[in-house]
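> Sequence:
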Amino acid sequence: MKKHTIAATLMAFSSLCSTAVQADNLDYDFVQLGYAAGDYADIEPFDLKGPEFEASYELSHNLFITGKYRSADDKISQYTLDETNWQAGAGYYYNFRQDTVFDARLYYGEIDFKLSDSEDSAKDGTHFFSLAGSVRHQLTDAVELFGGLEVQKWHKGSNQKAYRLGAQYAFGETKQFVLGAQYTKFSDSEWCKLFARYVF
1171 MKKHTIAATL MAFSSLCSTA VQADNLDYDF VQLGYAAGDY ADIEPFDLKG PEFEASYELS
1231 HNLFITGKYR SADDKISQYT LDETNWQAGA GYYYNFRQDT VFDARLYYGE IDFKLSDSED
1291 SAKDGTHFFS LAGSVRHQLT DAVELFGGLE VQKWHKGSNQ KAYRLGAQYA FGETKQFVLG
1351 AQYTKFSDSE WCKLFARYVF
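Here the numbering used here = 1-based position in the sequence shown + 1170.
By construction, these hints were calculated from the structure, which means they are not laboratory data. Errors might be hidden in some of the hints.
Claimed, not checked - Subject to a maximum C-alpha distance of 20 Å in a straight line, what follows is the list of computed EDC-like cross-link-like pairs (lysine to aspartate or glutamate):
1) Lys1326 - Asp1252
2) Lys1323 - Glu1280
3) Lys1245 - Asp1199
4) Lys1331 - Glu1360
5) Lys1245 - Glu1320
6) Lys1219 - Asp1252
7) Lys1245 - Glu1214
8) Lys1355 - Glu1280
9) Lys1355 - Glu1214
10) Lys1219 - Asp1209
11) Lys1345 - Glu1228
12) Lys1284 - Glu1228
13) Lys1238 - Glu1228
Based on the sequences and whatever the hints tell you, model everything.
The following block contains the structure:
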(Lines of atoms letter the chains of each structure in order from A and count residues from 1; the text may use other names and numbers.)
(Lines give C-alpha, C1' and ligand atoms only; values in the text may rest on other atoms or scores of the structure.)
Protein backbone atom coordinates (compact mmCIF):
# COMPACT_ATOMS: atom_id res chain seq x y z
CA MET A 1 0.00 0.00 0.00
CA LYS A 2 2.84 2.35 0.95
CA LYS A 3 4.58 1.61 -2.39
CA HIS A 4 1.41 2.52 -4.29
CA THR A 5 1.13 5.78 -2.32
CA ILE A 6 4.74 6.72 -3.06
CA ALA A 7 4.30 5.88 -6.75
CA ALA A 8 1.13 7.98 -6.97
CA THR A 9 2.90 10.88 -5.24
CA LEU A 10 5.84 10.70 -7.67
CA MET A 11 3.46 10.60 -10.65
CA ALA A 12 1.58 13.65 -9.35
CA PHE A 13 4.85 15.52 -8.79
CA SER A 14 6.03 14.60 -12.28
CA SER A 15 2.76 15.87 -13.75
CA LEU A 16 3.08 19.11 -11.77
CA CYS A 17 6.63 19.66 -13.03
CA SER A 18 5.52 18.98 -16.59
CA THR A 19 2.71 21.51 -16.25
CA ALA A 20 5.10 24.09 -14.84
CA VAL A 21 7.44 23.66 -17.81
CA GLN A 22 4.59 24.19 -20.23
CA ALA A 23 3.39 27.29 -18.38
CA ASP A 24 6.91 28.76 -18.40
CA ASN A 25 7.13 28.29 -22.17
CA LEU A 26 4.14 30.63 -22.55
CA ASP A 27 6.06 33.35 -20.75
CA TYR A 28 5.60 37.12 -21.00
CA ASP A 29 9.15 38.00 -19.90
CA PHE A 30 11.34 38.25 -22.99
CA VAL A 31 13.47 40.37 -25.31
CA GLN A 32 13.30 39.80 -29.05
CA LEU A 33 15.21 40.91 -32.14
CA GLY A 34 13.74 40.38 -35.60
CA TYR A 35 14.09 41.28 -39.25
CA ALA A 36 10.91 42.50 -40.96
CA ALA A 37 9.98 42.94 -44.62
CA GLY A 38 6.78 44.56 -45.85
CA ASP A 39 5.03 46.92 -48.23
CA TYR A 40 2.18 49.43 -48.28
CA ALA A 41 -0.61 49.41 -50.87
CA ASP A 42 -0.30 53.19 -51.40
CA ILE A 43 3.45 53.04 -52.06
CA GLU A 44 3.80 49.69 -53.82
CA PRO A 45 7.14 50.29 -55.58
CA PHE A 46 8.91 50.30 -52.21
CA ASP A 47 9.62 47.02 -50.41
CA LEU A 48 10.64 48.01 -46.90
CA LYS A 49 13.07 45.94 -44.84
CA GLY A 50 14.72 46.46 -41.50
CA PRO A 51 15.24 45.41 -37.88
CA GLU A 52 12.48 45.19 -35.29
CA PHE A 53 12.95 45.06 -31.53
CA GLU A 54 10.30 43.84 -29.08
CA ALA A 55 10.21 43.29 -25.32
CA SER A 56 7.72 42.22 -22.68
CA TYR A 57 7.84 42.17 -18.89
CA GLU A 58 5.34 40.73 -16.41
CA LEU A 59 4.63 43.25 -13.65
CA SER A 60 2.49 40.98 -11.50
CA HIS A 61 0.41 37.87 -11.94
CA ASN A 62 -1.15 38.05 -15.46
CA LEU A 63 -0.40 41.78 -15.98
CA PHE A 64 2.45 42.79 -18.31
CA ILE A 65 3.94 45.74 -20.20
CA THR A 66 5.18 45.46 -23.75
CA GLY A 67 6.69 47.51 -26.55
CA LYS A 68 8.18 47.25 -30.03
CA TYR A 69 10.18 49.40 -32.42
CA ARG A 70 10.79 48.95 -36.15
CA SER A 71 13.04 50.88 -38.54
CA ALA A 72 12.70 49.92 -42.22
CA ASP A 73 13.71 51.47 -45.53
CA ASP A 74 14.04 50.92 -49.27
CA LYS A 75 15.68 52.75 -52.15
CA ILE A 76 14.43 53.03 -55.74
CA SER A 77 16.59 54.98 -58.15
CA GLN A 78 17.50 58.23 -56.34
CA TYR A 79 14.59 58.02 -53.85
CA THR A 80 14.79 56.53 -50.36
CA LEU A 81 11.77 55.78 -48.17
CA ASP A 82 12.28 55.39 -44.42
CA GLU A 83 9.63 54.12 -42.01
CA THR A 84 9.80 54.12 -38.23
CA ASN A 85 7.07 52.50 -36.15
CA TRP A 86 6.88 52.12 -32.40
CA GLN A 87 4.23 50.96 -29.92
CA ALA A 88 4.19 50.80 -26.11
CA GLY A 89 1.43 49.42 -23.96
CA ALA A 90 0.12 47.09 -21.30
CA GLY A 91 -1.77 43.83 -21.37
CA TYR A 92 -3.47 41.10 -19.40
CA TYR A 93 -3.35 37.36 -20.10
CA TYR A 94 -5.67 34.54 -19.09
CA ASN A 95 -4.61 30.89 -18.81
CA PHE A 96 -7.44 29.11 -20.60
CA ARG A 97 -5.65 25.76 -20.26
CA GLN A 98 -2.14 24.74 -19.24
CA ASP A 99 -1.15 24.84 -22.94
CA THR A 100 -3.32 27.76 -24.15
CA VAL A 101 -3.26 31.45 -23.19
CA PHE A 102 -5.44 34.38 -24.31
CA ASP A 103 -4.27 37.98 -23.90
CA ALA A 104 -5.53 41.52 -24.55
CA ARG A 105 -3.33 44.60 -25.03
CA LEU A 106 -3.79 48.36 -25.25
CA TYR A 107 -1.08 50.32 -27.08
CA TYR A 108 -0.14 53.89 -27.89
CA GLY A 109 2.12 54.25 -30.93
CA GLU A 110 3.47 56.38 -33.73
CA ILE A 111 4.37 55.76 -37.37
CA ASP A 112 6.51 58.12 -39.47
CA PHE A 113 7.60 58.17 -43.11
CA LYS A 114 10.41 60.11 -44.77
CA LEU A 115 10.88 60.26 -48.55
CA SER A 116 14.15 61.77 -49.67
CA ASP A 117 16.53 62.14 -52.58
CA SER A 118 19.94 63.78 -52.88
CA GLU A 119 18.43 67.28 -52.76
CA ASP A 120 15.21 67.29 -50.74
CA SER A 121 13.02 65.32 -48.32
CA ALA A 122 9.40 65.17 -47.16
CA LYS A 123 7.97 63.74 -43.94
CA ASP A 124 4.57 62.51 -42.81
CA GLY A 125 3.22 60.42 -39.97
CA THR A 126 0.62 59.98 -37.27
CA HIS A 127 0.11 58.65 -33.78
CA PHE A 128 -2.50 56.03 -32.91
CA PHE A 129 -4.16 53.94 -30.23
CA SER A 130 -4.37 50.20 -30.69
CA LEU A 131 -6.41 47.37 -29.15
CA ALA A 132 -5.09 43.87 -29.78
CA GLY A 133 -5.94 40.34 -28.72
CA SER A 134 -4.11 37.09 -29.29
CA VAL A 135 -4.08 33.39 -28.49
CA ARG A 136 -0.96 31.31 -27.85
CA HIS A 137 -1.03 27.52 -27.96
CA GLN A 138 1.76 25.18 -26.88
CA LEU A 139 1.64 22.40 -29.49
CA THR A 140 4.57 20.56 -27.86
CA ASP A 141 7.05 21.53 -25.16
CA ALA A 142 9.12 23.21 -27.92
CA VAL A 143 6.61 24.36 -30.56
CA GLU A 144 4.15 27.24 -30.11
CA LEU A 145 1.51 28.48 -32.54
CA PHE A 146 -0.02 31.93 -32.14
CA GLY A 147 -2.42 34.33 -33.81
CA GLY A 148 -4.25 37.54 -33.12
CA LEU A 149 -6.37 40.50 -34.20
CA GLU A 150 -5.67 44.22 -33.87
CA VAL A 151 -7.53 47.49 -34.48
CA GLN A 152 -5.59 50.77 -34.75
CA LYS A 153 -7.29 54.18 -34.40
CA TRP A 154 -5.11 56.62 -36.37
CA HIS A 155 -5.11 60.36 -35.62
CA LYS A 156 -4.53 61.02 -39.36
CA GLY A 157 -5.24 58.69 -42.25
CA SER A 158 -7.25 55.48 -42.41
CA ASN A 159 -7.77 53.34 -39.33
CA GLN A 160 -6.17 49.93 -39.60
CA LYS A 161 -7.40 46.40 -38.91
CA ALA A 162 -4.99 43.49 -38.81
CA TYR A 163 -4.60 39.79 -38.21
CA ARG A 164 -1.36 37.96 -37.47
CA LEU A 165 -0.29 34.32 -37.55
CA GLY A 166 2.97 32.77 -36.46
CA ALA A 167 4.95 29.90 -35.02
CA GLN A 168 8.04 29.60 -32.87
CA TYR A 169 10.43 26.91 -31.70
CA ALA A 170 12.13 26.90 -28.29
CA PHE A 171 15.40 25.06 -27.79
CA GLY A 172 18.03 24.44 -25.14
CA GLU A 173 17.62 22.64 -21.83
CA THR A 174 15.58 25.47 -20.31
CA LYS A 175 13.78 26.42 -23.55
CA GLN A 176 14.87 30.05 -23.07
CA PHE A 177 16.07 30.51 -26.65
CA VAL A 178 13.39 30.84 -29.32
CA LEU A 179 13.34 31.17 -33.11
CA GLY A 180 10.12 32.13 -34.90
CA ALA A 181 8.30 33.56 -37.89
CA GLN A 182 5.24 35.81 -38.13
CA TYR A 183 2.96 37.12 -40.89
CA THR A 184 0.81 40.23 -40.30
CA LYS A 185 -1.81 41.64 -42.69
CA PHE A 186 -3.04 45.21 -42.09
CA SER A 187 -5.71 47.06 -44.08
CA ASP A 188 -3.05 48.91 -46.10
CA SER A 189 0.11 46.84 -45.61
CA GLU A 190 1.51 43.39 -44.94
CA TRP A 191 4.63 42.27 -43.12
CA CYS A 192 6.68 39.10 -42.69
CA LYS A 193 9.12 38.75 -39.82
CA LEU A 194 11.79 36.32 -38.62
CA PHE A 195 12.88 36.69 -35.01
CA ALA A 196 15.09 35.39 -32.22
CA ARG A 197 13.85 35.64 -28.63
CA TYR A 198 15.40 35.21 -25.20
CA VAL A 199 13.00 34.32 -22.37
CA PHE A 200 14.16 35.34 -18.89
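> Mind listing which of the numbered hints don't hold for this structure, in increasing order?
3, 5, 12
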